[in-house]
Amino acid sequence: MIVSKNWLSEYVDLKMPLDELTERLTLTGLNLEGVETVGKDTAIDLEVTSNRPDCLGHIGVAREVSVLWGTELKKPDPQPKASGGKASGEISVEITCGELCPRYTARVIKGVKIGPSPQWLQDRLKALGCGIVNNVVDVTNYVLFECGQPLHAFDLAQLKGGKIIVREAKKDEEFTAIDHKTYKLSPGTCVIADAERAVALGGVMGGADSEVSDDTVDLLIEAADFDPLSIRNTARAHHLHSPSSYRFERGVDPEGLDWASRRCCELILELAGGTLYDGVVEAGAKPEPTGDIKLRFDQIPRLLGIEVPDAEVRKILTDLGCEETHVCDHCVKVVPPTWRADLTREADLLEEVARIHGYDQIPEDVGVRMAPSSRSRRDIVLDRVRHVLTATGFDEALTLSTVEPEQVEAHRVWTEEPPLVTSTPVLRRANALRQSIVPSLLACRKTNVAMSNPVIEQFEIAKLYLPQPGQLPDERLVLAVASGRGFLDVKGVLEAVVSDTVGHTKTLCATGSASAKNLSSTLLESSRTAWLSLGDVKLGYIGELSAKGLDQFDLRGPVTVAEIDLGPLLDGAELIPRASALTNYQPMSRDLNVVFDEAVQWADVEQIVHTAGGELLESLAFQEVYRDAERLGKGKKSLLWSVTLRSSEGTLTSEQADEVRDAIVSGLSKKLGGELRA
Amino acid sequence: MRFWSLDIWTLDILAAVSLQDFIAELDSLAGEAQDAFTGAADRDALEAARVEFLGAKAGRLKAVQKGMGKVDKTDKPAAGQKLNSVKKAIEQAFEQATGRLSASDGKAKQDAFDVTLPGTPVRVGRLHPITQTIDRMKEIMGRLGFSAVEGPEIEDDWHNFEALNIPLSHPARDPLDNFYLSTATKTAGAGAGPDGKPLLLRSQTSTVQIRVMEQCIANAVASGAQPPVRIVSLGRVYRPDTADATHYPMFHQIEGLLVDKGVTMADLKSVLRMFCQSYYKRDTDDGSQEDVHIRFRPSFFPFTEPSVEVDINWQGGWMEIGGAGMVDPNVLRAVGYDPEEVTGFAFGMGVERIAMRQHNITDIRDLYTNDVRFLAQF
Chain A
2 MIVSKNWLSE YVDLKMPLDE LTERLTLTGL NLEGVETVGK DTAIDLEVTS NRPDCLGHIG
62 VAREVSVLWG TELKKPDPQP KASGGKASGE ISVEITCGEL CPRYTARVIK GVKIGPSPQW
122 LQDRLKALGC GIVNNVVDVT NYVLFECGQP LHAFDLAQLK GGKIIVREAK KDEEFTAIDH
182 KTYKLSPGTC VIADAERAVA LGGVMGGADS EVSDDTVDLL IEAADFDPLS IRNTARAHHL
242 HSPSSYRFER GVDPEGLDWA SRRCCELILE LAGGTLYDGV VEAGAKPEPT GDIKLRFDQI
302 PRLLGIEVPD AEVRKILTDL GCEETHVCDH CVKVVPPTWR ADLTREADLL EEVARIHGYD
362 QIPEDVGVRM APSSRSRRDI VLDRVRHVLT ATGFDEALTL STVEPEQVEA HRVWTEEPPL
422 VTSTPVLRRA NALRQSIVPS LLACRKTNVA MSNPVIEQFE IAKLYLPQPG QLPDERLVLA
482 VASGRGFLDV KGVLEAVVSD TVGHTKTLCA TGSASAKNLS STLLESSRTA WLSLGDVKLG
542 YIGELSAKGL DQFDLRGPVT VAEIDLGPLL DGAELIPRAS ALTNYQPMSR DLNVVFDEAV
602 QWADVEQIVH TAGGELLESL AFQEVYRDAE RLGKGKKSLL WSVTLRSSEG TLTSEQADEV
662 RDAIVSGLSK KLGGELRA
Chain B
22 MRFWSLDIWT LDILAAVSLQ DFIAELDSLA GEAQDAFTGA ADRDALEAAR VEFLGAKAGR
82 LKAVQKGMGK VDKTDKPAAG QKLNSVKKAI EQAFEQATGR LSASDGKAKQ DAFDVTLPGT
142 PVRVGRLHPI TQTIDRMKEI MGRLGFSAVE GPEIEDDWHN FEALNIPLSH PARDPLDNFY
202 LSTATKTAGA GAGPDGKPLL LRSQTSTVQI RVMEQCIANA VASGAQPPVR IVSLGRVYRP
262 DTADATHYPM FHQIEGLLVD KGVTMADLKS VLRMFCQSYY KRDTDDGSQE DVHIRFRPSF
322 FPFTEPSVEV DINWQGGWME IGGAGMVDPN VLRAVGYDPE EVTGFAFGMG VERIAMRQHN
382 ITDIRDLYTN DVRFLAQF
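Line order of the protein sequences matches chains A and B. According to our numbering, the first sequence is numbered sequentially starting from 2. According to our numbering, the second sequence is numbered sequentially starting from 22.
Where hints are given, some of them may not hold.
[Said to hold, decoys possible] Okay, the calculated bits of chain B under chain A, using three or more residues with CB under 8 Å as the criterion:
#, segment
1, 170–184
2, 214–225
3, 254–267
4, 318–328
[To be verified] Okay, the calculated beta carbon distance ranges per label pair:
#, chain 1, residue 1, chain 2, residue 2, range
5, B, E362, A, G359, 24 to 30 Å
6, B, M340, A, S214, 49 to 55 Å
7, B, M340, A, L478, 30 to 36 Å
8, A, G493, B, S190, 55 to 61 Å
9, B, W335, A, S214, 29 to 35 Å
10, A, T72, B, S190, 35 to 41 Å
Keep in mind that the hints were calculated from the coordinates and are not lab data. Heads up, the beta-carbon is just placed ideally off N, CA and C, and yes, glycines get one too.
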């Protein structure tokens, strides 16, 4: 709301410096957006919150000033002289859609002389950045900016049948507005019609063929109230936002209609001449008067933390226009003014007292009670996960929660449900709530490659949105990584994540993707992809990108990606580790080199080693795989590893260590056909 | 070399050498010796240089020393002093050269070890600046007794609107201001919440407050108590803004909530001040800390009454940091609290805005582009 300082000074004393004026208005609810000099006037731009439509006119702002400085508010009392016949003889008004337009009033002026507005009026409107049209239209705008009630002037001669019918638009009804564009309307829109056609979009915009032109002689002055929601929908649907729709969207003072209409007519008679017809033609009803609201004095310290003297409380409320109906030792009851539809409850009155008394009166150094708090399990575990990843050289990325729908289809890993989609794309084409973070990280990788960044190692911890019909979706917190390192390097990082969280009980298991039924991804190379689990709990997957996957993101390989569900790690993490006693006897170690068929997997070997090694096996360290068709034979490989053995009862002898080794070898031979090589 | 030696020998037989000449002679000798020792590539070369300059019989230093006899008697102490210092310098240069050669001894034929080469790089990753900002906020609020909680990003009508005192007619529900959800295919019930109304991406983290308060009341249902709540909720929120330097359709919020008997707006102001004093810890020139003050300006939010914008003093003016207010009695009632028994305050701040100002980030989109060069700066 832009306020002209000259104009404002008509209603209230403005002797205070401009800075003081704007500062106090800012601190009481009208935030200063800017000040500009326009000719000899000063335009003050004030932000008005949506609950305060009363301040969308100069008088409303003047009222705030008068309350704050304790000065008088000088509001005009328009009494235009009606010297013509009965207005009701000239026009009739009917409302058929009371829910869209609760009240409509019309006055008639005949014999006006259209011409330019006087300089003072032009200056005022120009200060607000409002266009100048002619004396009649300018007056309707003037009154709008004076009191906040939008008005419309029709060329009475263009209204067919001497009728105003306020009705809902018909489906696909066409309407040509003042901007000479034709709009196709739909039900739910309120139109002002004459006997034949729509002549205005109620509260939003007038029509082209009933507008006031140079040839206009007779006028119908409309002052009405429209339903805020319907006005908002209409203005949005047709991109017709105007000072008028802005005010109706927020609600006008139902009691202010008549004042605005009289004020408008008074100014037209003064500036354009003509004869006002007697009376107002109206339809609809005024809203029921609101009852009184009680404010208990003890609620002020209870909510605000400060005392405000009863007398001041009462003065603030009455200054703001409330009518006091009761006062006693512990409460005051008031009827709020009709222009303050936002005041309906005790809390609302309390806020008025607080802002006028001044929020600066509230102390900022009271002793707030202490309370214990501790970090959540989630935060502690996620911190550990992040530490492992940054320590192993990964940067954290944060990416948008939605992706383009094709990206969901290309990589279906967690669910077969179609993704949830947003009504409008969140960004460009990204309207599908993601079901994997990997495509988002690959898109980041593409951006980084395009910038020739040499090392791109990224991870993200975020949610997947897996739909569950009739319920909130499963928002699954996952860790995803995208790396230029190889499969085993990334697997090592994940093993570290697992070991740093749930490592005391569980280890990460990988199974080839051939056994995975649900994996449906064109991004991954299936022969180099594995499912990850913790015991029986499915954890996620790791894999290298397929040629197609690399191609889709303009990447040159190799790229390894992985994604694991953090739920099991959050649940199973041991937050407070417990120590166990260490053995101080020397360990023994043995190296093993065993030849197997290609089909034999390390995981099976490892399991047998553990079983056969029994209690003495302290640790097992894989070393390498060796292939040599000539020496080992075709389809064979040799696995090399070492075992560390230790007893809690004494230092092991060489023979004891050999015994364990032999048991391992024999187990491997029996179950996996392994042959000791050296 | 030979030629020079001869020359010095010639000096020897001249009578009455001036002090000046003697000193110049010594200086020049010192310089040459230094060059010869430093330039020696191996032990043999160094030995040859040693014999030339420091040789006990025919060394050049010895030769010059002999010339001291020709110096005027009165100048002798000064000449002696100079001689000693030069001798010391030459011997020192020789020792250094010896040390240098013996250090690479044994490897002389192999590669020389260059200690000045860069260390083996260790790549340490960085946390995203938004994570770092959130961590700091949680840590400070934790010390003030507020526990961090999380909640769903996809919400139903009740938690995002109804319980927050945002009725059906409220503009905040406009489809153009929210991301309502549906599914691509017509699976029955998908995209709708338990109440059958469409789900949406939450537009504020206040939804978590509703969930926490509901939970607290549910836990206390047997006793009928009105348990206190003291939380911060953090996370992603979504609003249909066109992306530009200062807007992004996804951003993060931190919201605080304190519900208890006797909570006032003075508590709100004091907690916010303590938070800001910790977060914007500013040291002045004399080592003391600059005072942080909180300013409230009236505002309007459906879920608080009174509602205020919160400013802090900043570079001689005021800077807006977020919105706050006393929890609206309708909100308390909606989740089962009795507004006659308890009161509460709530506040909310945008994480990006605070992080950007603090880290001098000028374009919010940079936060979500994830260029590794950008991330490496934090």
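Run through the hints listed earlier and report the numbers of any the structure violates, in increasing order. 9
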